[in-house]
Every structure is written in C-alpha cells, then in structure tokens.
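Asks: In the order they appear, the protein sequences are chains F and Y.
Residues 7 to 301 (my numbering) make up the first sequence, in order.
Residues 7 to 301 (my numbering) make up the second sequence, in order.
Accuracy of the hints is not assured; some may be wrong.
The list cannot tell twin chains apart, which means a pair is met if one copy fits it or any two copies do.
Straight-line distance between alpha carbons at most 25 Å, and here's what the computed PhoX-like set of lysine-lysine pairs gives [what the hints assert, rightly or not]:
| # | residue 1 | residue 2 |
| --- | --- | --- |
| 1 | K267 | K252 |
| 2 | K293 | K143 |
| 3 | K50 | K287 |
| 4 | K268 | K47 |
| 5 | K289 | K49 |
Hints in this document: simulated from the structure, not taken from any laboratory.
Protein chains: 2
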Amino acid sequence: MKKNNIFIKQITIVGPGLIGASIGLALKQKKIVGKVIGIDKNKKNLDDAIKKGCIDIGLSKINEKIADSDLFFLCTPVSQIEECIKKLLPFLKKGSIVTDVGSVKNIFSKKIFSDIRKVSDFIPGHPIAGTEFSGAKNATKGLFENKWCIITPENNPRKNVSKLKKVWETLGMRVSLMTAKEHDKIMSITSHLPHLIAFTIVGTAINHNNKVGKSLLNFSAGGFRDFTRIASSDAEMWRDIFLNNKNNVLDTLDEFINDLKKFRDLIDCNRSEDIYNFIKKAKTVRKKIIDLKQN
Amino acid sequence: MKKNNIFIKQITIVGPGLIGASIGLALKQKKIVGKVIGIDKNKKNLDDAIKKGCIDIGLSKINEKIADSDLFFLCTPVSQIEECIKKLLPFLKKGSIVTDVGSVKNIFSKKIFSDIRKVSDFIPGHPIAGTEFSGAKNATKGLFENKWCIITPENNPRKNVSKLKKVWETLGMRVSLMTAKEHDKIMSITSHLPHLIAFTIVGTAINHNNKVGKSLLNFSAGGFRDFTRIASSDAEMWRDIFLNNKNNVLDTLDEFINDLKKFRDLIDCNRSEDIYNFIKKAKTVRKKIIDLKQN
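So that you can see chain F by itself, here it is in the shape it has in the complex (with noise of 0.2 Å):
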C-alpha cells in the first residue's frame, strides 16, 4: 500500500443516482472506504444502488444512523442541497466533510457554511462526469477517471481541502480549486448554455408537422442526434441549473443569441469569405481541445 493512500471509515451518499452510486461504487472498488450509507427516499433506487454494490446501508431519510459518517456526499438537485446541510446537522460528526456534487455553486448562503463550521466543513465541489442516464442502476466505477472536478473552497481549512482533493483524485479525477463565481461562469458557457441548446432545439424540431416530424427523427444522423443525446438528461436536476446559475446563464445565452445572429446576417448576405474564416477558427478551438485532452 502506498503510503500516501487514504481510508475513510465511513461514509454517506445523500441522493446515490447516478453520480452519487458511481461515487459509491468507486470508493469500494478502491477499498478506500470502510462501509457506504445510502439516503434516498426513492426505494426502488436505493435497492438498485445496494444490489450494484455502490451503498451497504439504505435508509429512507437522514437520522442518527449517520452519525459516524466521516465524509458526506449530497448528491440531490441544486436546489435541495442547502436543505440538505440543515437536516445533517444535529447528526454531523466533529472533524466531518460535508461536500456536494452540484452543477451550480455560488448559491449557498454564508450562514449555512458558520453554522456547519461549529463541528464540521462544508466545502462544496463539482466533479464534471456524467452520463445521459441518470439513477442508480446506470453507475459506473469509472465515470470519474480521467475528468475533471472543481472545488471551490470557501475559506475552508487548507487541511480539509487537500483531503477532498485526495479523495476525487484517488477515483481518478484531476481537481481545479476556485471560487464559485468564476466556477458558475465557465459552466454556464461550457454546460448550461450547451444544455440549453440541445433542449430547444429539440422543441424547434418538433414544431414541424408529423410528416417532417418522422423525417426528422429518421436522419438525424446528420448532427440532431448528437444534440438529442445530452438533451435526455434529468429535468429536474436541469431546471435547477438553469434557475439557480440564471444571471450567468442568461448573460451567456444573450451573448450566443448575438453571435446567431452575426452568423445569420454573413449568410444572409453571402459574405462567402467571413463564413468560411468564421468555420475555420472554430475548428481551430477544437484541435485545441483534442491536444489538450491527449496532454
């Protein structure tokens, strides 16, 4: 064993869907966390999440059985997570780890981080996995490795930073610190405002009478299905994203609409060269995501 692993006792999942059980599922699978508490009041998820062997325990709601947790993962939509924190409290062990998994993190009010911060720390994180199922039953041991996770501690103790940081790149992730605003600016370019797209344009698709509407489906091979696929993920957990980063989503959707528009008015006019140097530069951008994903 190396000398710098780590060994949780325990631990619990608040929410174990598909991020969360992945989340389970890795940790036992590296034999770094001694026993793994489920919490979700979706029965049949939590019995999926036991039988995949991401959770030992399933409860129905948070009481004192969490009490020995040392590290707690709340895996539920953005908007519950606040919530959350104040129904762990009276349960939360001294010297505990409170942390999320949420896709927006400038929302949470600084009282909820004093009070927790009697007895434990709540530093909130991101690790950007994920698939377009959602649920217990679609965990995979590997949906962290190689991606990336942001935390944006929030004047937490260095100490307790470094061992969050040691448990996501234990499952294989590289860790980005950050505040949450810059945090909630750049997802709104690189997750929500895509997202966003791919729900609508969907809409615009279906608009069309049936008889384009069966066309459409049958050759959407050519680009629609690649958007369709990241517009099946979880509305809940969407709306959420979307109402609680809204003022960096809505900058960032004015600045696509006027850039659509630009783009409209080069083809509108035939501005033949524009368009092509226009095509050229973002291929440009993607070789730069390919070179860096091979570094």
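Chain F is fixed; fit chain Y onto it per the hints.
Replies: The following block gives chain Y in isolation, referenced to the frame of chain F:
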C-alpha cells in the same frame, strides 16, 4: 452469389475525399466494381486514396480516360457540382448514371438535367454519413452501414433510380426517395442548424478572455466538447451548404432563435414548472430517436 447482386465495370469518383474515397473502398470491398478512377487536383489526397485501396487510378482532371465509366459519383463541395457535370458531358457514355453526394439538393438548374439526359442521367443523392474528419486518409469501408441515403429523383427514369438505390443498399444504406425541396428543409433542421450552432458556440466561448478561455477548454466535458466535435467539420464544404440552402437555413435559424428567446423568458421569469415540462418534452423526443434506431 445472390441473384440480385450488381456489378459495375467502371466507376469514376470526382473528389475522393472522406465520402468519395469511402464509396470506392466499400464498393471494392464488396467486389461489385471492376475499376475505380479517382479525380482530384490534390495530388496528396489522390495518393492517399490509392494507398488505402479506395481507387485504382488517379487523374488530376476530367479527361477522355473516364469515358468508359458506368457510374459517376460527384463528391465535390456543392457549389462545384454543376460545373463538374458540364466538364463531364463530353465524356459520358450512353446509359451511364451520374450522381452526387452533396448536402443540398434543390440547387441544380433545369438545363443541366436536360443537357445530360441526351446521353446519361443525373440523379442527385445524399448519403447521410460522415465523421468530423476529412480526406481520403480517413476513409472507412463501413461509413455507410445502417445509415440513411436520400435520393431526389427529378423525373429520372425509374429503372436508373432503382439501379442507384441498389448501389447504396449494397453499401448497407437504407434509401429514402423525396423531392429536393423536402430534403433541403429537413436537412436545414437535422444537420445544417446543428452545425451552425456548433460553429457559433465555439466562437461565443473563445470571445472570453484568456483566463476563462483556458478553463473552457479544460472543462469542456460538460457538453461543450460534443458541440465542438461537429464544429471541426470542413469549412469549405459547410460554407457552401449554408449559402446554397440559404432560405431554409435562415428560416430554421429564425425559428430556433425565437424558441431560444422563449426559453430565456421562462428562466428569466422563474417559470419553474414550464422549464421542467420543456426539458421533459425534449427527453421524450430523444427516446423516440433511440427507439427508431433500434428498430
């Protein structure tokens, strides 16, 4: 050998790029073609096509050496197809068939159809297949398997349409016949709009300052990377598509921008339930696409 198998003595592929070279490769692999001639002024691409076994003979321009060909695939950017047919005219064998693979179909003059009909038959086609890579070096024999091909017969003799249909089916494609007008409307939604969006969102992203810019590339796994994949498609090809299907592209884009604005307003006004239903509906369409694919 099955009774309904076909054999073509000689074919000519003008512009053996990704699509053209893959056609040659697939036809040769299925052993349903005698000799394949490729025409390209790009010497390097021609060499790649020969080296990969996509074509047997490479020519730098259209000349009398193609005169014995039974079938012609025109795989140039769409703006060059009609010009290309004019150059072919002096060398066309009686009873031969000319087709193309362009992404826009309602662009050919009546004159070109009647000019060619004296000796041959021009039957426009569009195999909906491709990758984000271009050139003969990326050709694959399985590129057309289980994909759709649209043929837009413009009063062409039924016999020749059937013959062309059979060729595509032999390469594993499902073939649909429709008018050029229908094709261009459908493609503006399922293919041209997704590409236009992909090119634009990459631009929106890189308009941000360098600090955020670097992060955008790092954290692109949340949806952005999927969009950049199709943004790395060939610039000349896509400029031609946008300009040649201008009316449909602009109409579809305007509808999409309107739909984006509606979604924007739902977020802006915190219309939680409407947002949820909007996303849910997109998910349903996605399911239909998957179901169709499995059938």
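Asks: All hints are to be evaluated individually against the structure, with a verdict given for each.
Replies: We went through each hint and held it up to the structure:
With identical chains, the CA atoms of K267 and K252 are at most 25 Å apart both within one copy (22 Å) and between copies (14 Å). Taking CA atoms no more than 25 Å apart as the test, K293 paired with K143 passes between copies only; the shortest distance there is 18 Å, against 35 Å inside one copy. Within a single copy, K50 and K287 get their C-alpha atoms only as close as 48 Å, which misses the 25 Å cut-off; across copies the closest is 24 Å, which meets it. Taking the closest pair of Cα atoms, K268 and K47 never come within 25 Å of each other, the shortest separation being 48 Å inside a single copy and 34 Å across copies.
Within a single copy, K289 and K49 get their C-alpha atoms only as close as 47 Å, which misses the 25 Å cut-off; across copies the closest is 24 Å, which meets it.
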